[in-house]
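These protein sequence lines are chains E and B, in that order.
Just so you know, full-length UniProt numbering puts 173 at position 173 of the first sequence, and the rest follows in order with no gaps.
Just so you know, full-length UniProt numbering puts 5 at position 5 of the second sequence, and the rest follows in order with no gaps.
Careful, some of the hints might be misleading.
[Stated by the list, open to error] Pairs of lysine-lysine, DSS-like flavour, derived with a Cα cap of 25 Å: (1) B:K250 - E:K250; (2) B:K185 - E:K5; (3) B:K81 - E:K185; (4) E:K250 - B:K133; (5) E:K185 - E:K197; (6) E:K185 - B:K133.
None of these hints come from the bench; they were simulated from the model.
All of these numbers come straight from a predicted model, not from anything done at the bench.
Protein chains: 2
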Amino acid sequence: MTLVKIVDVTPRDGLQDATGYVPVADKVALTRDLFQAGIHAIEVASFVHPRWVPLLADGEAVLSQLQDLPGELIALAPNLKGVERAIAAGANTVTLVVSASESHNKANLNRSRDETLSQLTEATRRAHEAGLKVRGAISTAFECPFEGVVPINSVAFIAERYCDMGVDELGIADTLGTATPIQVKERVCVVQSIAPKIPLALHLHDRLGWGLANVAMAYEHGVRIFESAVGGLGGCPYAPGAAGNLDTEKLVTFFQAQGLASHIDISQLPGIRQRLLNVIAQQLAPPN
Amino acid sequence: MTLVKIVDVTPRDGLQDATGYVPVADKVALTRDLFQAGIHAIEVASFVHPRWVPLLADGEAVLSQLQDLPGELIALAPNLKGVERAIAAGANTVTLVVSASESHNKANLNRSRDETLSQLTEATRRAHEAGLKVRGAISTAFECPFEGVVPINSVAFIAERYCDMGVDELGIADTLGTATPIQVKERVCVVQSIAPKIPLALHLHDRLGWGLANVAMAYEHGVRIFESAVGGLGGCPYAPGAAGNLDTEKLVTFFQAQGLASHIDISQLPGIRQRLLNVIAQQLAPPN
Numbered sequence: 001m002t003l004v005k006i007v008d009v010t011p012r013d014g015l016q017d018a019t020g021y022v023p024v025a026d027k028v029a030l031t032r033d034l035f036q037a038g039i040h041a042i043e044v045a046s047f048v049h050p051r052w053v054p055l056l057a058d059g060e061a062v063l064s065q066l067q068d069l070p071g072e073l074i075a076l077a078p079n080l081k082g083v084e085r086a087i088a089a090g091a092n093t094v095t096l097v098v099s100a101s102e103s104h105n106k107a108n109l110n111r112s113r114d115e116t117l118s119q120l121t122e123a124t125r126r127a128h129e130a131g132l133k134v135r136g137a138i139s140t141a142f143e144c145p146f147e148g149v150v151p152i153n154s155v156a157f158i159a160e161r162y163c164d165m166g167v168d169e170l171g172i173a174d175t176l177g178t179a180t181p182i183q184v185k186e187r188v189c190v191v192q193s194i195a196p197k198i199p200l201a202l203h204l205h206d207r208l209g210w211g212l213a214n215v216a217m218a219y220e221h222g223v224r225i226f227e228s229a230v231g232g233l234g235g236c237p238y239a240p241g242a243a244g245n246l247d248t249e250k251l252v253t254f255f256q257a258q259g260l261a262s263h264i265d266i267s268q269l270p271g272i273r274q275r276l277l278n279v280i281a282q283q284l285a286p287p288n
Numbered sequence: 001m002t003l004v005k006i007v008d009v010t011p012r013d014g015l016q017d018a019t020g021y022v023p024v025a026d027k028v029a030l031t032r033d034l035f036q037a038g039i040h041a042i043e044v045a046s047f048v049h050p051r052w053v054p055l056l057a058d059g060e061a062v063l064s065q066l067q068d069l070p071g072e073l074i075a076l077a078p079n080l081k082g083v084e085r086a087i088a089a090g091a092n093t094v095t096l097v098v099s100a101s102e103s104h105n106k107a108n109l110n111r112s113r114d115e116t117l118s119q120l121t122e123a124t125r126r127a128h129e130a131g132l133k134v135r136g137a138i139s140t141a142f143e144c145p146f147e148g149v150v151p152i153n154s155v156a157f158i159a160e161r162y163c164d165m166g167v168d169e170l171g172i173a174d175t176l177g178t179a180t181p182i183q184v185k186e187r188v189c190v191v192q193s194i195a196p197k198i199p200l201a202l203h204l205h206d207r208l209g210w211g212l213a214n215v216a217m218a219y220e221h222g223v224r225i226f227e228s229a230v231g232g233l234g235g236c237p238y239a240p241g242a243a244g245n246l247d248t249e250k251l252v253t254f255f256q257a258q259g260l261a262s263h264i265d266i267s268q269l270p271g272i273r274q275r276l277l278n279v280i281a282q283q284l285a286p287p288n
């Protein structure tokens, strides 16, 4: 049976754009629920400066309560300082981020791609030294909210730089949710030609209902790692118009119908979604 | 630019399961609207015995009012008698139908696959003699409502028989709407290996939201003809649980985002959908 790996990004990406703050205990419970259902790679924290995404200032607290979980505890880290915090907090995997488009990188990280990349070499070295796995994510790998369709060469350029750093996994993200299967194919193939031995992940949003078509095309061309979020939650605060992430339940259902991802107990997913929606609803309810 | 052909099946397949009867004038107007929008292959009539699908007893009347239309006017014909009627009525293309599964063929056509196929050889000869194009459709090419997943060999068997008859086009139909991309790939590839030079059409239903994923996979493996219906209307009266057809607007939007099917004026499609829904709504309204 062919292995498909689901990376659930709900505790971090899914909730960073939420209307209210989700308490640490609920993020921890959500992560444990996902792990229990068979999803063993979960993005739980972000170590961007809390000034930028205040809702995610609890990365250390979340990770401290998950240290017994024998899975991939992923933390987003935009720079060396973020990596240091992720190491100290007990993440075992960091996801670095660079946008393929300059404007989005500046909006998202407040510096140029070159400045970002030059920091990340040291960040990767440091993470590896501490025994962490390093994922190199390429944001706006399809369309940029400010620049439009992103040239494939920009994606290739970032992929090459990540390769030079020695990352363990690459990822391309359809930040806006406008990717089409033909674009997925061309971008997946170019990254794979640059880094044939580095596993490649795909992060999709589902704005136009094309998410699963993109998944199918990526799978056909060798991608085996897919990111998704419970209830399709999430969106990028620095990408106006971005829709939610690809829905975990929808993705797993789709794979299981094809004999894939059968290690996940899909019967647990509706309950996980409902519990999370209840938590969010509590934040939205007016105070008594 | 790669050619993609949309076959809109609304006037026949889309409306055969409608709650009320749609008048001939409205079917004719719908067909002309679709043609005007750039969809030049339209399934307009069915010549099954009117006892079985009374709503479609008007095939002759519909076709008689479309004789000036320089497009592909397609009529469904289940047997030799149906082909004779299609010829007499002025269709220029007939779609023959056999189910890959025996039970569905009996439910749909009231006879066995072998009996059906033996009639269709003569039907094909007769249609060709009269200058018509012949399409050979394989129903339940994925799952049968009575037998479950249909063995791929059953699909191959029907495709081979159609080839022996000399049909001009082949088609495989996901009658129930349960097909997955991996199944689409394997079934498309087996039919293409049997008939590499005969154009292959795909007829999808969209019950589970996997329609476009299946389209993407079929396109990737060389399929260039896709059937759809306005508003996702339609379903098979002899396939309990079948959902509507793949939606024409959704399909064209998806293709155009990829630089395909640009000969279709998508701006006309919402109006066509609305006019048709108004017609159907009139049938549903209680009499004064």
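Under the constraints set out in the numbered hints, which ones does this structure not fulfil? 3, 4, 6
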